[in-house]
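Visitor: Given next are the chains, with one letter for each unit.
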Amino acid sequence: MKSNKVKRFFTLQRKYLCIPYIVFFILFIFAPILIIVFYAITNEVYDAATNTTHIVLSGQPFINFFTDPSKINVLFVSLFIATITTLICLLIGFPLAFFLADKQVNKNAVLVTLFVAPMWINFVLRTGATRDLLTWFGINGGTHPYLATIIGMVQNYLPFVILPLYTTMTKLDKSQIEAARDLGANPTQVFFKNIIPQAVPGIVSACLMTFMPTMSSYVISDVLSEGKITLFGNYIELEFTNKAWNDGSFMALIMLLFIAVAMFISQKFGKDDEKEAGTSW
Amino acid sequence: MNKKLKWFAIAPLIFAASSGLTSCSSGDNVLLLRVINSEDYIYLQEDPSDPEDMVVQFEKSEEVQAFAKAKGYSGVKVIYDTSDTNETLYSELQTGKSLYDLMNVSDYMAQKIVSGKMAVPLYQNGCEIPNYEDYASGSVKNTLDAIKAPQFENPDVYLADYAVGYMWGTLGILFNPSYPGFNGLDPEEVIEDMQSLEALWNPKYKGTISVKNSMRDTYALGVLYTYRDEFQDIQDKYNAGTLTLEEYRNKFAEIFNRCDEKSVNEVKVSLDALKENVFGLEVDSGKQDIITKKIGVNFAWSGDAVYSMDQGEDLTQVSEEVELYYSVPELGSNLWMDVWVMPNCARSDDQYELAHMFLNFLSDPVNAAQNMNYTGYTSFVAGDSILELVRDWYDIRTEEIYVDEEFQVYSYNEVSEEIIAIDYPDFISGTHDASRDDELLYYSEEEEPASIDDLLPLMIEEEDGEGNINEVQKKYSDLSIVDELAALPNGDPDKLEAVDLSYFFENTLDPAGDYEQGVDTIFYSDCYLPYSHQEGDVHQNISVGRQFFCQYPDEATIVRCAVMRDYGENNKYVMKMWENFKSNPLPVWAIILFSIILAGIVGIVIYFVVNSSLKKSIHKKRIENK
Numbered sequence: 000m001k002s003n004k005v006k007r008f009f010t011l012q013r014k015y016l017c018i019p020y021i022v023f024f025i026l027f028i029f030a031p032i033l034i035i036v037f038y039a040i041t042n043e044v045y046d047a048a049t050n051t052t053h054i055v056l057s058g059q060p061f062i063n064f065f066t067d068p069s070k071i072n073v074l075f076v077s078l079f080i081a082t083i084t085t086l087i088c089l090l091i092g093f094p095l096a097f098f099l100a101d102k103q104v105n106k107n108a109v110l111v112t113l114f115v116a117p118m119w120i121n122f123v124l125r126t127g128a129t130r131d132l133l134t135w136f137g138i139n140g141g142t143h144p145y146l147a148t149i150i151g152m153v154q155n156y157l158p159f160v161i162l163p164l165y166t167t168m169t170k171l172d173k174s175q176i177e178a179a180r181d182l183g184a185n186p187t188q189v190f191f192k193n194i195i196p197q198a199v200p201g202i203v204s205a206c207l208m209t210f211m212p213t214m215s216s217y218v219i220s221d222v223l224s225e226g227k228i229t230l231f232g233n234y235i236e237l238e239f240t241n242k243a244w245n246d247g248s249f250m251a252l253i254m255l256l257f258i259a260v261a262m263f264i265s266q267k268f269g270k271d272d273e274k275e276a277g278t279s280w
Numbered sequence: 000m001n002k003k004l005k006w007f008a009i010a011p012l013i014f015a016a017s018s019g020l021t022s023c024s025s026g027d028n029v030l031l032l033r034v035i036n037s038e039d040y041i042y043l044q045e046d047p048s049d050p051e052d053m054v055v056q057f058e059k060s061e062e063v064q065a066f067a068k069a070k071g072y073s074g075v076k077v078i079y080d081t082s083d084t085n086e087t088l089y090s091e092l093q094t095g096k097s098l099y100d101l102m103n104v105s106d107y108m109a110q111k112i113v114s115g116k117m118a119v120p121l122y123q124n125g126c127e128i129p130n131y132e133d134y135a136s137g138s139v140k141n142t143l144d145a146i147k148a149p150q151f152e153n154p155d156v157y158l159a160d161y162a163v164g165y166m167w168g169t170l171g172i173l174f175n176p177s178y179p180g181f182n183g184l185d186p187e188e189v190i191e192d193m194q195s196l197e198a199l200w201n202p203k204y205k206g207t208i209s210v211k212n213s214m215r216d217t218y219a220l221g222v223l224y225t226y227r228d229e230f231q232d233i234q235d236k237y238n239a240g241t242l243t244l245e246e247y248r249n250k251f252a253e254i255f256n257r258c259d260e261k262s263v264n265e266v267k268v269s270l271d272a273l274k275e276n277v278f279g280l281e282v283d284s285g286k287q288d289i290i291t292k293k294i295g296v297n298f299a300w301s302g303d304a305v306y307s308m309d310q311g312e313d314l315t316q317v318s319e320e321v322e323l324y325y326s327v328p329e330l331g332s333n334l335w336m337d338v339w340v341m342p343n344c345a346r347s348d349d350q351y352e353l354a355h356m357f358l359n360f361l362s363d364p365v366n367a368a369q370n371m372n373y374t375g376y377t378s379f380v381a382g383d384s385i386l387e388l389v390r391d392w393y394d395i396r397t398e399e400i401y402v403d404e405e406f407q408v409y410s411y412n413e414v415s416e417e418i419i420a421i422d423y424p425d426f427i428s429g430t431h432d433a434s435r436d437d438e439l440l441y442y443s444e445e446e447e448p449a450s451i452d453d454l455l456p457l458m459i460e461e462e463d464g465e466g467n468i469n470e471v472q473k474k475y476s477d478l479s480i481v482d483e484l485a486a487l488p489n490g491d492p493d494k495l496e497a498v499d500l501s502y503f504f505e506n507t508l509d510p511a512g513d514y515e516q517g518v519d520t521i522f523y524s525d526c527y528l529p530y531s532h533q534e535g536d537v538h539q540n541i542s543v544g545r546q547f548f549c550q551y552p553d554e555a556t557i558v559r560c561a562v563m564r565d566y567g568e569n570n571k572y573v574m575k576m577w578e579n580f581k582s583n584p585l586p587v588w589a590i591i592l593f594s595i596i597l598a599g600i601v602g603i604v605i606y607f608v609v610n611s612s613l614k615k616s617i618h619k620k621r622i623e624n625k
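Protein chains in written order, with numbering that gives the first Met the number 0: chain A, 0 to 280; chain B, 0 to 625.
Be aware that one or more of the hints could be misleading.
[As the list claims (entries may be wrong)] For lysine-lysine, the following BS3-like pairs were computed, each having C-alpha atoms within a straight-line distance of at most 27 Å:
hint	chain 1	residue 1	chain 2	residue 2
1	A	K267	B	K619
2	A	K173	B	K625
3	A	K267	B	K116
4	B	K116	A	K242
[As the list claims (entries may be wrong)] Covered stretches of chain A (in silico footprint by chain B; criterion: 3 or more residues with CB under 8 Å from a CB of chain B, positions within the stretch not fixed):
hint	stretch
5	76-87
6	137-143
7	230-237
8	254-266
[What the hints assert, rightly or not] If you anchor each label on the Cβ, the simulated ranges turn out as follows:
hint	chain 1	residue 1	chain 2	residue 2	range
9	A	I18	B	G71	44 to 52 Å
10	B	S213	A	Y45	56 to 64 Å
11	A	K267	B	I622	22 to 30 Å
12	A	F190	B	A598	18 to 26 Å
In case anyone wonders, no lab produced these hints; they're calculated from the structure. All figures in this text were calculated on a predicted structure; none of them were measured in a lab. Beta carbons: idealized from backbone N, C-alpha and C, even for Gly.
Please model the entire structure based on the sequences and the hints provided.
Guide: Now the structure itself:
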């Protein structure tokens, strides 16, 4: 009986196929997060008498973050750029996705591939090219750091908005729209009362895919604002290069918090949507 | 059962195989030397016909082979790695992960490493670096050796025992006098302005300047500007003779190294004003941006300045030549050095000795010249080979003379491939008029030929010792007027400049060699801009030039440069200042826009929530009614 168990353990089972991922997850996702949390709640104390440093449990990183105006400023600047970028991306991406979802326009989904194609080129290279292009247009980071950064962000994250919206749009219930029209809704009413509610899951995931990376991105803002705008990601990097591991980790933890909140919202919306879908029938 | 893969049975085999492989390589009795350097900072072979890489030359050198044989090794292998920043190296050292015998770091980092007892002293067990002793230029070596790196229980530690100099340079303003973005400012005016750091704060140049996105460099810039009155004061006193050279340099270093809380806050005010005036803070793009004309001014390291100048002249890289100049601010600047230190990690006595041999090899003027030629940075080492290299690069006397069909005379520099027309028509016709020799000093206004292939070399017949007659191409020095150059006053922009670098080559030239101290250490070059302005009776120093000036500033320039030491205890203030400097509050328009958007989003959300709950209640009522 026992030997049978051992044998079973050593023979290849389907669930063993997950082992590579689990190893990867533990080493490169779970462990780093643990390290971040560890650094975020501890602090290094220098003991002059023995010329050594100790690590102690401390709320100092927390206090440092909320009492330092420069960190709060960075947080607001990042939130601002991320919000503006997300809005612009939605404004551009929504009509486009709606247009692309039309099977007559976008046969075999070739067009949508073209719109998503920029993602295949590394964004650092693309940003370098954008910098030259913007200088050519006369909008460079030296004179218009905010404008240049937002343009760069929109350029980089637009495909991330188009793709989820496109997926939702292709699943739009066409008969529902037709019914609304037949029952006398004007085009504005159709759009706001029918299409938008149906597209909510796509909008939420598009927002998430733009907002969070924009806040934490640092190459784009560094290159396009000529180092004049510091986003949350830049600041964490700055803290780490200055060896302020604890403060930097706490800021990374704040990012994690934002992600958690975002996940919560998206799940809530998803559920609401299901409920609504259930009640509307 | 057969079909089931017993993959675990293979694992031991793999282990066995891999351990076999490693034992194979360690079985070879090779002495390893582990070196880490900055990227592109040592000679590498580019073409199969060139000499081999510097480290390979070292491995194959007779001395090293003999050493390996004597100690019973089959050979020597250099493990050569590169790193990007001092800070990365330092954190690797701190975590004990870095196992290197030699590490190339900047001056302040060497100080920090030695203070933190992370380096071992050199010159133990009777090891020596004779080439460094003999050929390193005293002017920079003494400055390096005098840097104090106090350790916890031993305050009297100097870098002299721990560090060997490699390359050095200055920090200065690289600029393009005819940059179109200056709105038609006269290039002469730009050159005059750029001799002072105040130009970077001058609204005239708003949006055309980039400075380094690096804490130490930009802080240095801030200190130099903030305390400019004090720097001016001590310089005036030094010029007037009330301060000795020693006192001046000490005072200068004292002011330059201020980093207490009060000074840091004062510097922050200047830097905030600077941020408003600059185009941007660059990480590594400045040296390219100035060539592509995104910017007109860059606060740069001298080595990068040379790179930009060379690129700007290389017509394969740019469509139109960009002529850049470099100035070391007249009130003073930063003198930087990159040095080798030996980190504190396990190594055998043989490796310790081999590391000294490696440093000795790098300090050999022949090899140093090869490194300089490749990297464009200035070596610590002087000596005959370096002098010859610098003469070939910059001294007009080594330029060859060419003529075209109309007997127009040209000089040609093989290194820069520059052709310059010389207004000296009588030279070929034989009616040489000595009184017209002065005219040679003026460059001709005429169109310069596009290619050297259109010209004929001007040959003379020379007899060697054995009675054979050889044809030798005439050089500029054969025109026999250059000695008179030294007597000429400064001030005319069209004239060549005599630059005295005796201070650098002092005590390093071979007494039996070709070059004589004090005579051949004076260079005649057009790379120093002989621009100077007269303020009352005080004659200002030349502080602007091209490649030659970047690489070898004259003694007067070096005197007003100091090393920026490690901030030590005050590092936290500077770091805090830098973080504050980097972050900026939202501008007013953004706050307004942001609030409007937020209000809009909140409004929409409330509308939807209220709307849906209303709907639900209506729905409920309907069901109840039914």
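Visitor: It remains to establish, for every hint, whether it holds in the given structure.
Guide: Now for the hints, and whether the structure bears them out:
1. Taken as a hint, the K267(A) and K619(B) pair is honoured in the structure, with Cα atoms around 22 Å apart against an allowance of 27 Å.
2. For the hint linking K173(A) to K625(B), the alpha-carbon distance of about 31 Å lies beyond 27 Å, and the restraint is violated.
3. Restraint check for K267(A) and K116(B): not satisfied, since their Cα atoms lie roughly 56 Å apart, outside the 27 Å limit.
4. Pair hint K116(B) plus K242(A) holds up; C-alpha atoms about 19 Å apart against a cutoff of 27 Å.
5. Restraint check on the stretch 76-87 of chain A versus chain B: 6 residues with Cβ-Cβ distances below 8 Å, three needed, restraint holds.
6. Only residues whose C-beta sits within less than 8 Å of a C-beta in chain B count toward coverage, and the stretch 137-143 of chain A has 4 of them, enough to reach three; the restraint holds.
7. With 3 residues bearing a CB less than 8 Å from a CB of chain B, the stretch 230-237 of chain A meets the requirement of three and the coverage assertion stands.
8. With 0 residues bearing a CB less than 8 Å from a CB of chain B, the stretch 254-266 of chain A misses the requirement of three and the coverage assertion fails.
9. Taken as a hint, the range 44 to 52 Å holds for the pair I18(A) and G71(B), whose Cβ atoms sit roughly 48 Å apart.
10. Between S213(B) and Y45(A) the beta carbons are some 25 Å apart, a value that contradicts the proposed interval 56 to 64 Å.
11. Separation of K267(A) from I622(B) is about 25 Å and conforms to the stated range, judged on CB atoms against 22 to 30 Å.
12. The hinted window of 18 to 26 Å between F190(A) and A598(B) holds, with their beta carbons roughly 23 Å apart.
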